[in-house]
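Generate the whole structure from the sequences, applying the supplied hints.
As they're listed, the protein sequences go chains A and B. Numbering-wise, the first sequence is residues 0 to 526 according to numbering that gives the first Met the number 0. Numbering-wise, the second sequence is residues 0 to 526 according to numbering that gives the first Met the number 0.
Wrong hints could be hidden among the right ones.
[Said to hold, decoys possible] Chain A side only, calculated, beta carbon under 8 Å to chain B, not exhaustive: (1) Asn11; (2) Val40; (3) Met49; (4) Leu89; (5) Tyr112; (6) His113; (7) Pro254; (8) Val258; (9) Tyr260; (10) Val431; (11) Asn467; (12) Asp481; (13) Pro482.
Everything labelled a hint here was simulated from the structure, so no lab data went into it. Just so it is clear, CB atoms sit at the ideal spot from N, CA and C, and this is done for glycine as well.
There are 2 protein chains.
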Amino acid sequence: MDNFEASESKMNGADRLCDVLLTNDVEVCFANPGTSEMHFVAALDRKPQMRCVLGLFEGVVTAAADGYARMAEKPAATLLHLGPGLANGLANLHNAKRARTPMINIVGDHASYHLQHDAPLTSDIESLARPMSHWVGRVEGPEDVGRATAEAYKAAMSLPGIATLILPADAAWGEVASSAVEQTKVPTPTTAPEEALGAAVAAIRSGGRTALLLTGRALRADALEIAGRIADATGVRLLAQMSNGRIERGIGRVPVTKVPYPVDEAVAALRDIDNLILIGAKVPVAFFAYPGKPGRLIRDDCEVIEFARPGDDLRNELARLAEELGVRPDAPAPVVQYGTGLDYPRSGQLTADAITLAVAALMPEKAIICDEAVTSGRRFFNLSQRSAPHDYIQLTGGAIGIGIPLAIGAAVACPDRKVIGLQADGSGMYTVQGLWTQARENLDIVTIIFANRSYAILQGEMRNVGVNNFGHNARRMLNIDDPALDWVSMANGMGVEAGRAETIEDFLNLFRGALARRGPFLIEAVI
Amino acid sequence: MDNFEASESKMNGADRLCDVLLTNDVEVCFANPGTSEMHFVAALDRKPQMRCVLGLFEGVVTAAADGYARMAEKPAATLLHLGPGLANGLANLHNAKRARTPMINIVGDHASYHLQHDAPLTSDIESLARPMSHWVGRVEGPEDVGRATAEAYKAAMSLPGIATLILPADAAWGEVASSAVEQTKVPTPTTAPEEALGAAVAAIRSGGRTALLLTGRALRADALEIAGRIADATGVRLLAQMSNGRIERGIGRVPVTKVPYPVDEAVAALRDIDNLILIGAKVPVAFFAYPGKPGRLIRDDCEVIEFARPGDDLRNELARLAEELGVRPDAPAPVVQYGTGLDYPRSGQLTADAITLAVAALMPEKAIICDEAVTSGRRFFNLSQRSAPHDYIQLTGGAIGIGIPLAIGAAVACPDRKVIGLQADGSGMYTVQGLWTQARENLDIVTIIFANRSYAILQGEMRNVGVNNFGHNARRMLNIDDPALDWVSMANGMGVEAGRAETIEDFLNLFRGALARRGPFLIEAVI
Chain A
0 MDNFEASESK MNGADRLCDV LLTNDVEVCF ANPGTSEMHF VAALDRKPQM
50 RCVLGLFEGV VTAAADGYAR MAEKPAATLL HLGPGLANGL ANLHNAKRAR
100 TPMINIVGDH ASYHLQHDAP LTSDIESLAR PMSHWVGRVE GPEDVGRATA
150 EAYKAAMSLP GIATLILPAD AAWGEVASSA VEQTKVPTPT TAPEEALGAA
200 VAAIRSGGRT ALLLTGRALR ADALEIAGRI ADATGVRLLA QMSNGRIERG
250 IGRVPVTKVP YPVDEAVAAL RDIDNLILIG AKVPVAFFAY PGKPGRLIRD
300 DCEVIEFARP GDDLRNELAR LAEELGVRPD APAPVVQYGT GLDYPRSGQL
350 TADAITLAVA ALMPEKAIIC DEAVTSGRRF FNLSQRSAPH DYIQLTGGAI
400 GIGIPLAIGA AVACPDRKVI GLQADGSGMY TVQGLWTQAR ENLDIVTIIF
450 ANRSYAILQG EMRNVGVNNF GHNARRMLNI DDPALDWVSM ANGMGVEAGR
500 AETIEDFLNL FRGALARRGP FLIEAVI
Chain B
0 MDNFEASESK MNGADRLCDV LLTNDVEVCF ANPGTSEMHF VAALDRKPQM
50 RCVLGLFEGV VTAAADGYAR MAEKPAATLL HLGPGLANGL ANLHNAKRAR
100 TPMINIVGDH ASYHLQHDAP LTSDIESLAR PMSHWVGRVE GPEDVGRATA
150 EAYKAAMSLP GIATLILPAD AAWGEVASSA VEQTKVPTPT TAPEEALGAA
200 VAAIRSGGRT ALLLTGRALR ADALEIAGRI ADATGVRLLA QMSNGRIERG
250 IGRVPVTKVP YPVDEAVAAL RDIDNLILIG AKVPVAFFAY PGKPGRLIRD
300 DCEVIEFARP GDDLRNELAR LAEELGVRPD APAPVVQYGT GLDYPRSGQL
350 TADAITLAVA ALMPEKAIIC DEAVTSGRRF FNLSQRSAPH DYIQLTGGAI
400 GIGIPLAIGA AVACPDRKVI GLQADGSGMY TVQGLWTQAR ENLDIVTIIF
450 ANRSYAILQG EMRNVGVNNF GHNARRMLNI DDPALDWVSM ANGMGVEAGR
500 AETIEDFLNL FRGALARRGP FLIEAVI
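Put into structure tokens, the structure is as follows:
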């Protein structure tokens, strides 16, 4: 207990908020505060056990909290400044919501009695928060802070998902009676209904071609081992959603295939499935609609069994399914075996595939791959199936600009592991400010920029809509080559050492060097 | 009419949308498109008369559209990618909304029939749009595009303000009958009621101390001249709101004082006012609430007369008021006279004031000052009252990150005028990507970074809440000096030439050089 807490008369709502977070082991706060949050900042200043990490833009803050929780398996808090501060963080909250990442956003607001004046920074925070939150609440006064913060924590943990709590300045600065804070009780995860279990078993035993579609907690090594034993024993296929919060993979882990992004490839991959059993996942749908192409990617007559839901304990549900199927828990799981090292090109022209192969071959054990490589990285997942054991975290909701800050959060959560960011250049510019936080916190991150100097995915999509010869306006909207971005200068400007690779030799030198040192490093890979 | 329009069979909703915009003289589109907007991009590609300006982040896009409309006196369009793309642009939409800038946001959405699938990028766009828009609409199908776009234009022009139109992909790609597009009729501005006019006249004649509180169109040179004649003839004071979209000022213009930002200063400035007549403005309130300080900044017994409202023609309302008061329209207006040049320090330590004085003294005629200098620029407005005639546009809604892109829009609107950005470093990092667009479009902008390497405003606010000795967490959230941002490297990395000034001599050399050339230049002023 620090000195301040001992002084009963001086405790305020913001202190109580910090206490509830810390008591629940929420010990990292990614922040970009403003005037209305000054009492909260002052309270945090009295709690050195809370680690405060500044982002120079709120999109950095929310994606960092996302990356942190994916790896730490517990939520971080964020501190955001009124409606506009929240708004700046929304795109990456959208991604975190789609990953079902637990997160507690504290959004400051004007003092409750000040709202009537419609001061310049006033806005409808609830309306902004709801689309990208699973839970939204507003503190009703200083004495309500404890209850409201506990509710937010409970929502973040149990849904799991995004809890956004609006904290009026007068609730933060108002005095509260000093009292001990208890750990918040979180409901135990739900259990899939017996009928759903029965339906899953029946589908697997039906003789039809059946797949388990996995996401969330079901993609951790221990859950995948159970799924792998079920696959070995029954012949079901294992599939992961197109995008997932985190996958444990590589040598020693049960491999899983992802549903592909391009519609035609996805339809082909799912065409032979008669029964699809959802394990926390959703029926695969096209990322976008295209004239004449399907929205649902499975066959119309494919039977869908929603077995385990996002709020269920997915590992436990897989264990129930295995037991019901008579799969022995001590059977060996079909994990990737140690083999000869992966091959990769040693010289020549630098391409996205060459980088992908080199990263797959050279990444150290327990690396954390942050994938926002978009078109350039599409083959990484398949090429790294036999890499050293690693975690794979990725863009989940399609809102670009997650990569650089997602790596921040992962590195804060796992300071002893190497984080490798696979980063498209167009997406990277969205939250380029995150490089500064990587430097400030001296985080062990190698960021590889796939510098193709275009929105390559959109150039492909333009061709999909039948435009092959781009005119002036299309070129001005889909190319980012004029002027070319100098990522080395930008990184250096934010305190991150960097190098440019134009050949495979350059890249290998820089990448090996980055792996051999600690701290942030950026490689601009010109492809 | 271009070749494509001549081919009836190939016209789609997106083409119609472009036609409605172009027919209404909306000829600039600030854009960051995505897959769901590809048909719109293809349509823009068929309309070379539309100037498409790419921003590498949507906060750049919306602030650029704001700066453009403030100077061009007509709206630009923006092109944003679904909910997350809109979300990224919201903070600067908030600023534009507070400035009542006319703007037409086109937000792409999934094809209407695809929404049911809740694909990863799906979100409640209306809920996100409403807090930062004056008008929100959704296109109901290809044949509805013409009506909906005209409505959006009408709303943007007449409120005036932010119109956000959601364009489902299938409305964009669906065929429409080719037909001529007519110019959209915009309602004439409203007129203040006679009783309000009478009340304003009575207040001015009451013998009490009366002030006109001006904003919006009332702060252009011609409207200010009328206000100045009223002031000369009747003794009323002229005040501008704390934040305004645009003020024409300097030599030859009627000077006006702004309501100060610090609460105590504002209260002091407004203390002696008995009658406050609003000309498009709102009653001055504190930007934030502070314990024990007032929210409304005028005296409780100050009589408020809401004479002209934001939708009125404010120049015309001032003319009505002058006429009713018997003020002669040919009387000389009390404009700032040419005098001896302004003085400024020529050597020594670089400070915010030294920069301010140099800019005030050296700015060329017709310069456009974009002010997001926050604490460092607080004295600029008063010190530049006698500068060369110039426009002053500023952060309006308190959502930081407007400056760099606001300058983009102003420069696109006024290619023959020098734009000078006064930019705080912390705020500048929010939309630092805008420097790339400045380079790409070769815009004539000098950006002066006030590099104090801290959130100085927040350090002041922490002292306001009684914290004078910052601990570890407060320092980690309020200082941005570790590592120091190297703005020269960042600017160079985005194609903008730059130099660093550590003394007044350095600064004057760089600033004079930047004024003498065309194209973007950035000065990192270390203060």
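Okay, the hints, checked on the actual structure:
1. Asn11: violated (10 Å)
2. Val40: This interface hint holds because 6 Å falls under the 8 Å limit.
3. Met49: holds (7 Å)
4. Leu89: Holds. Min distance 4 Å.
5. Tyr112: holds (7 Å)
6. His113: With a closest approach of 4 Å, the histidine 113 (chain A) hint holds.
7. Pro254: violated (23 Å)
8. Val258: violated (12 Å)
9. Tyr260: violated (10 Å)
10. Val431: Constraint on valine 431 (chain A) satisfied, holds at 7 Å.
11. Asn467: Constraint on asparagine 467 (chain A) not satisfied, violated at 11 Å.
12. Asp481: holds (6 Å)
13. Pro482: holds (3 Å)
Of the numbered hints stated above, those contradicted by the structure are hints 1, 7, 8, 9 and 11, listed in ascending order.
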